[in-house]
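Q: Residues per chain, in single letters:
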Amino acid sequence: MPLESEIAAHFAMARPRVLAALTRRFSDIDLAEEAYQEACLRALERWRRDGLPRDPTGWLLLTGRNATIDRVRRDKRIVFQDVMPEQEEDPGDVEADLADEIDLSELRDDVLRLMFMCCHPDLSLQDQLALALKVIGGFSVEKIARAFVVRPKAMEQRITRAKKKASSLATQLDTPSLQERAARLDAVSTMIYLLFNEGYSASGGDIHIHTELCEEAIRLARLLIALFPSQPEVMGLLSLCLLQHSRRRARIDGKGGLVPLEQQDRSLWSRVEISEGKVLLEKALLRGRPGSYQIQAAIAAVHCAAAGADDTDWQEIERLYAALEQVHPTPVVSLNRAVALAKVRGAAAGLEHLSSLSDALSNYLYFHTTRAALLDEGGETREAIRSYKRALELGPTGQEYEHIREKIALCGQKQKNTDAM
Amino acid sequence: MQYAILIYGTEGFFERLPEEEQEIALQHHRDLQAELDEKGTLGPVARLMDTSSAMTVRKRGESVLVLDGPFAETKEQLLGLYIIECASIDEAIEQAKKLPAGVAAYEVRPVGWGGGTISDDTD
Chain A
1 MPLESEIAAH FAMARPRVLA ALTRRFSDID LAEEAYQEAC LRALERWRRD
51 GLPRDPTGWL LLTGRNATID RVRRDKRIVF QDVMPEQEED PGDVEADLAD
101 EIDLSELRDD VLRLMFMCCH PDLSLQDQLA LALKVIGGFS VEKIARAFVV
151 RPKAMEQRIT RAKKKASSLA TQLDTPSLQE RAARLDAVST MIYLLFNEGY
201 SASGGDIHIH TELCEEAIRL ARLLIALFPS QPEVMGLLSL CLLQHSRRRA
251 RIDGKGGLVP LEQQDRSLWS RVEISEGKVL LEKALLRGRP GSYQIQAAIA
301 AVHCAAAGAD DTDWQEIERL YAALEQVHPT PVVSLNRAVA LAKVRGAAAG
351 LEHLSSLSDA LSNYLYFHTT RAALLDEGGE TREAIRSYKR ALELGPTGQE
401 YEHIREKIAL CGQKQKNTDA M
Chain B
1 MQYAILIYGT EGFFERLPEE EQEIALQHHR DLQAELDEKG TLGPVARLMD
51 TSSAMTVRKR GESVLVLDGP FAETKEQLLG LYIIECASID EAIEQAKKLP
101 AGVAAYEVRP VGWGGGTISD DTD
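Chains A and B supply the protein sequences, listed in that same order.
Sequential numbering of the first sequence, starting at 1, is according to the working numbering.
Sequential numbering of the second sequence, starting at 1, is according to the working numbering.
Any given hint might turn out to be false.
Dumping the calculated BS3-like pairs for lysine-lysine here, alpha-carbon to alpha-carbon at most 25 Å [unchecked claim]:
#, chain 1, residue 1, chain 2, residue 2
1, A, Lys163, A, Lys153
2, B, Lys75, A, Lys283
3, A, Lys153, A, Lys165
4, B, Lys75, B, Lys97
5, B, Lys59, A, Lys283
6, A, Lys165, A, Lys143
Derived Cβ-Cβ restraints for the label pairs, each shown as a range [as the list claims (entries may be wrong)]:
#, chain 1, residue 1, chain 2, residue 2, range
7, B, Met49, A, Lys164, 35 to 43 Å
8, B, Pro44, A, Ile207, 35 to 43 Å
9, B, Val66, A, Thr171, 38 to 46 Å
10, B, Met49, A, Thr160, 38 to 46 Å
11, B, Gly43, A, Val272, 17 to 25 Å
12, A, Gly254, B, Val57, 28 to 36 Å
Simulated from the structure, these hints should not be mistaken for lab results.
All C-beta atoms in this analysis are idealised placements derived from N, C-alpha and C, irrespective of residue type, glycine included.
Please model the entire structure based on the sequences and the hints provided.
A: In structure tokens:
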């Protein structure tokens with residue numbers, strides 16, 4: 001095992017915690033990033049020579065802090081709000097005390113604070129995700145730019161602006177009260193969920209990078225659970241991400257196209273992630289406080305439990321969507337419930353549930369394809385064709401376009417046959 | 001005599017290594033398992049899930065406490081274990097040395113008692 005990659009792995013693991021603590025210390029993300037980089041440079045030299053320290057995170061934190069304090073003493077232009085204690089000792093010599101230096105409860109609020117800064121409400125969703133990837137994940141600007149299909153230069157400017165905005169929050173964020181902590185956890189969970197979706201739903205482009213976004217989201221969710229172990233919704237979030245991620249190899253065909261759930265080769269689903277997702281969900285549900293992520297994870301778990309598409313327990317899925325409609329009433333959730341209803345009680349029941357959504361989802365492609373499929377199933381071919389044609393107007397991807405054209409052709413064929421009789 | 005090889009490491013560290021190196025580390029495990037299996041001295045082998053999926057059960061008098069975790073933060077965790085049959089602790093240590101370096105630390109502990117049912121003479 002080369003020491004280089006071990007060191008790199010430790011850097012990557014330590015980054016969120018170290019950066020979070022440094023950001024609180026210096027109230028400035030840029031300064032914190034510089035301090036972290038300086039610490040890594042020194043670590044490379046030192047660890048290569050002396051081997052790994054017992055607590056790499058603590059080592060990097062202390063070294064980054066001290067190096068920056070030294071630099072600031074020389075450069076009086078940067079003034080801190082709090083008084084810096086004397087921190088002269090070489091972290092290599094005080095390793096035994098490192099564990100005590102890092103207060104766990106302080107650190108967990110630091111990480112939460114940093115994540116929360118990245119979801120500054122004034123930032124666009126994409127900027128929030130880009131900032132989180134850069135600051136917490138340590139992704140390079142080039143990589144983030146590729147993930148969002150933007151030029152690196154433009155991404156760099158956006159991240160710089162976003163960082164400035166987020167840093168302006170830094171001075172206002174104290175140690176949160178219980179209520180504030182819950183609110184921050186919510187905001188951060190949403191950010192992680194959206195980051196996962198960004199990786200999960202993006203079709204085409206550089207698949208490799210999108211998988212990395214999902215993996216980063218999973219890592220952040222793990223970090224959040226490690227810091228806040230008793231939050232059922234955070235467990236639900238990680239469970240949901242793992243269950244969805246377990247299908248990644250089956251979701252893309254040889255040509256890079258998306259394979260719908262019912263056509264996926266289930267032997268390609270990752271059993272390791274499914275079992276961990278299931279266990280986490282069971283554990284979360286023990287707390288008796290189901291929420292949106294737990295219910296969504298439960299739905300994913302029902303799909304994962306079915307050996308084939310025909311074995312899917314649609315009754316359970318319908319019940320879960322009904323529950324989700326209660327805690328998280330959105331038209332898209334209702335659309336999904338309609339699909340489940342159609343599976344359980346037939347196309348007519350599905351269509352009935354859909355009828356109330358036609359205003360809210362009139363510009364939503366999948367509303368029209370779903371409606372068309374149910375109409376077709378119920379024998380209303382003419383109306384189905386009309387719905388499919390409406391879907392074509394709503395900018396389907398190349399693959400979806402082909403798929404819808406095919407359906408229209410099939411419906412047209414059926415229509416002809418009925419007319420001929 | 002049975003010995004346990006307990007594998008301690010930082011959660012998530014292995015996953016952070018480049019894929020080729022993960023594969024090399026796993027190959028060490030496969031080799032040792034194959035070798036011991038052939039000799040008939042390989043007992044149960046387990047890789048444990050992340051502690052985020054764990055619960056701790058603690059009894060205090062009549063009341064039972066069920067907690068999330070254990071969570072020791074950046075500290076090392078029990079990641080997995082082997083039970084193997086060896087003539088001496090030296091031999092068990094020799095076997096543990098075959099496991100991949102760098103990713104984890106290996107604690108070799110003699111098994112005091114092992115088996116599927118608890119026999120009467122243990123108490």
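Q: All hints, please: hold or fail.
A: Status of each hint after checking the structure:
1. Lys163(A) / Lys153(A): Holds: Lys163(A) and Lys153(A) sit about 15 Å apart, inside 25 Å.
2. Lys75(B) / Lys283(A): Holds - the C-alpha atoms of Lys283(A) and Lys75(B) are around 23 Å apart, at most 25 Å.
3. Lys153(A) / Lys165(A): 19 Å, holds
4. Lys75(B) / Lys97(B): Distance of about 23 Å is within 25 Å: holds.
5. Lys59(B) / Lys283(A): It holds: about 19 Å lies between the C-alpha atoms, which stays within 25 Å.
6. Lys165(A) / Lys143(A): 22 Å, holds
7. Met49(B) / Lys164(A): 35 to 43 Å: 41 Å, holds
8. Pro44(B) / Ile207(A): 35 to 43 Å: Given about 38 Å between the Cβ atoms, the range holds.
9. Val66(B) / Thr171(A): 38 to 46 Å: Holds: the Cβ-Cβ distance is about 41 Å, inside 38 to 46 Å.
10. Met49(B) / Thr160(A): 38 to 46 Å: Holds - the Cβ-Cβ distance for Met49(B) and Thr160(A), about 40 Å, lies within 38 to 46 Å.
11. Gly43(B) / Val272(A): 17 to 25 Å: 22 Å, holds
12. Gly254(A) / Val57(B): 28 to 36 Å: 48 Å, violated
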